[in-house]
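*Asks:* Can you make the complete structure from the sequences, with help from the hints?
One line per chain: the protein sequences are A and B, in this order. Position one of the first sequence corresponds to residue 1 (the numbering used here), numbered consecutively onward. Position one of the second sequence corresponds to residue 1 (the numbering used here), numbered consecutively onward.
Since the hints were derived computationally from the structure, they do not count as laboratory data.
To be clear about the criterion: a stretch of chain A counts as covered by chain B if any three or more of its residues have a C-beta under 8 Å from a C-beta of chain B, and this derived list gives those stretches:
| id | segment |
| --- | --- |
| 1 | 52-66 |
| 2 | 79-89 |
| 3 | 98-105 |
Covered, in the sense of this in silico footprint (three residues per stretch, anywhere, with C-beta under 8 Å from a C-beta of chain A), are these stretches of chain B:
| id | segment |
| --- | --- |
| 4 | 14-20 |
| 5 | 211-221 |
Beta carbons are placed, not taken as given, at the ideal position from N, Cα and C, and that holds for glycine.
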Amino acid sequence: MIKVEGLSHSYNKDGKYAIKNVHFEVKKGEIFGFLGPSGAGKSTTQNILTGLLQLQEGSAEVAGYHVDHIESDMFNSIGMSFEQSNVYSKMTAIENLKFYAKLFDCETEDPQHLLDLVGIGDKAKIKVGEFSKGMKHRLTFARSMINKPTLWFLDEPTTGLDPAIAADIKNIIRKKNEEGVTIFLTTHNMFIADELCDRVAFIVDGEIKLIDSPHNLKLQYGDKLVEVTYIKNDKTITESLSTIVEEDKKKLQDIIGTYEIETMHTKEATLEEIFIKVTGRGLA
Amino acid sequence: MKKLWYSYTKELKLSSKSFYFYVEIIMAVLVIGVVLFLVPENLNQYQTEYVYLDMTEMIEENYRTMMLEHDVDGKIDTAILNLDGTEITTELFITDDSKVYVINNKEDMIALTKADRPYVGASIYYNEEVMDLAYEYYLQGYESDRLKNLYQIIHTEDLNEISLKAQQVEVKSLNDNYVELNSKEFSLPVILTFNGSLMGMFIIAAYIFLDKGEGVIKAYAITASKIWHYLMSKVLVLMTVTLITSTVILLAIMQFKPDYLMFFLLLITSTFTFSTIGLFLSSFYNDMNKAFLAIYVVMMILMLPAITYYLPSWQPTWVTLIPSHNLIQGFKEVITNGDRTYILISSAVYMVVGIVIFVITERRFKKTLTK
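*Replies:* Now the structure itself:
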């Protein structure tokens with residue numbers, strides 16, 4: 001669905017590259033996470049792929065179209081939810097969606113249905129200027145689905161939302177993916193990437209450091225430990241035991257057979273810890 | 001084209017809710033109010049002169065008799081003038097092109113001339129040596145040398161000789177259809193240029209920056225519509241508003257006298273060109289204030305031809321090359337039902353220039369979508 005080769009971009013064309021020699025591929029039906037701290041080059045890449053920035057070096061193919069010759073027809077297949085809400089504040093929520101629906105040449109979603117989906121259906125006839133930041137963000141997110149995209153660009157889709165609404169948004173993303181929508185997710189939030197993405201790319205200083213699935217990364221970079229909490233002589237004891245070291249394995253079997261277990265879980269490394277380990281940089 | 005229509009109707013709806021839309025409406029209402037109720041029909045019909053007669057009673061009487069021959073009603077009127085709170089009674093002669101107040105005191109004549117700029121004062125006396133009337137003119141100081149020279153020679157020639165020579169010179173008008181405009185009508189070409197095209201440049205930039213502030217250009221760019229639809233919808237809104245306000249102004253002041261077909265043609269093409277210039281300029285800036293400063297400078301340059309319109313004797317070539325010069329002249333042709341070819345050529349040039357600027361502007365907008 002997306003194929004990028006040797007993509008480089010310098011805003012001032014002065015040799016200072018915002019992204020440098022970026023290669024990756026996103027398969028159809030995949031949720032691909034593009035992860036990195038602010039200024040890493042995530043938005044630059046996404047803007048080139050969506051035609052907001054002109055291609056300078058390299059090549060990129062999006063939904064079967066070369067981005068150096070973007071045809072407006074391409075946008076019938078793609079949707080984009082921006083990090084910063086960008087809707088007409090002097091129009092109502094439903095007017096915003098109805099207007100954008102008219103700008104596509106394909107079958108579009110029912111605007112009211114989309115508003116209901118993101119939980120602002122009862123605010124359909126209220127001017128967006130009166131919306132809270134979170135409501136505007138949900139409207140921007142809803143708008144990105146108006147043309148039933150097969151390739152969906154999401155830029156920080158849950159930023160600034162309260163946990164309950166963020167959970168709803170994640171569910172919508174999952175559901176769309178189950179329906180076959182390919183998703184390009186740009187975020188610095190490793191938890192949402194871990195929850196949603198089939199594969200992730202770590203980008204720092206404009207260069208991709210690694211691409212793999214969160215599962216593989218955890219296997220490769222995570223410590224293989226089990227944290228067990230059990231009761232021994234009326235005392236609660238917590239121990240971390242390796243699942244590789246033979247001595248620890250025997251001890252774990254002994255604990256399970258002898259004592260009352262309160263909790264036990266594998267202690268995987270988080271994606272954030274792996275990111276720091278791989279790139280040597282935090283995500284702030 | 002359907003998408004352009006949707007964008008246009010949306011823009012029209014949004015602009016009707018914006019402050020800048022009302023700026024245009026209020027401007028039009030103000031213009032109509034000022035021109036209809038404050039600008040006199042004939043602003044400079046009369047040359048006003050304050051005259052002090054310093055001569056014997058008999059010669060003064062002869063002078064009065066001569067003045068009365070030219071007076072429109074053949075009677076000496078009495079007028080009361082106010083000088084620093086003091087009422088001064090004067091004799092008033094009204095001819096076809098001048099009002100002459102005869103003041104009894106030379107100091108009062110000078111004081112009145114000084115107070116009521118840009119009037120002319122004169123002290124007329126009988127010069128015994130040459131046995132003829134002599135004149136002492138009091139001007140304001142800013143008059144051109146040409147005018148001062150004229151005052152110096154106007155009474156020095158033998159009047160009979162001038163009359164004789166005048167008979168030998170034949171003056172023919174090249175255009176019999178010349179329409180004389182009153183002050184209200186004469187002001188229209190400049191008003192229409194400013195209200196339509198130049199204000200349009202400023203307003204369209206305001207619309208663009210309102211959108212930039214909301215980030216909606218980026219959202220529009222990720223649709224199956226084209227950027228030129230977006231830009232053209234703004235231009236069309238400007239055209240609609242300008243068409244309405246300018247037509248109302250023209251109707252209010254000149255009713256159905258002008259050539260409305262030519263008016264619409266020139267107005268539409270020029271608004272297109274100048275609004276694309278506004279778009280083009282705004283594509284260089286992220287900050288509304290900086291863009292407005294640039295547009296303000298351009299507007300000032302574009303207003304220079306208005307000076308040549310009011311002062312036709314000042315007509316340097318470089319001013320005639322400013323695009324608004326043709327527009328002002330074009331509107332003058334419109335309101336006088338004048339040269340249609342001039343209007344058609346001007347409109348064609350505006351259209352072509354507008355299209356070229358629009359194409360360049362669209363490319364610039366595509367390049368600066370994320371800025």
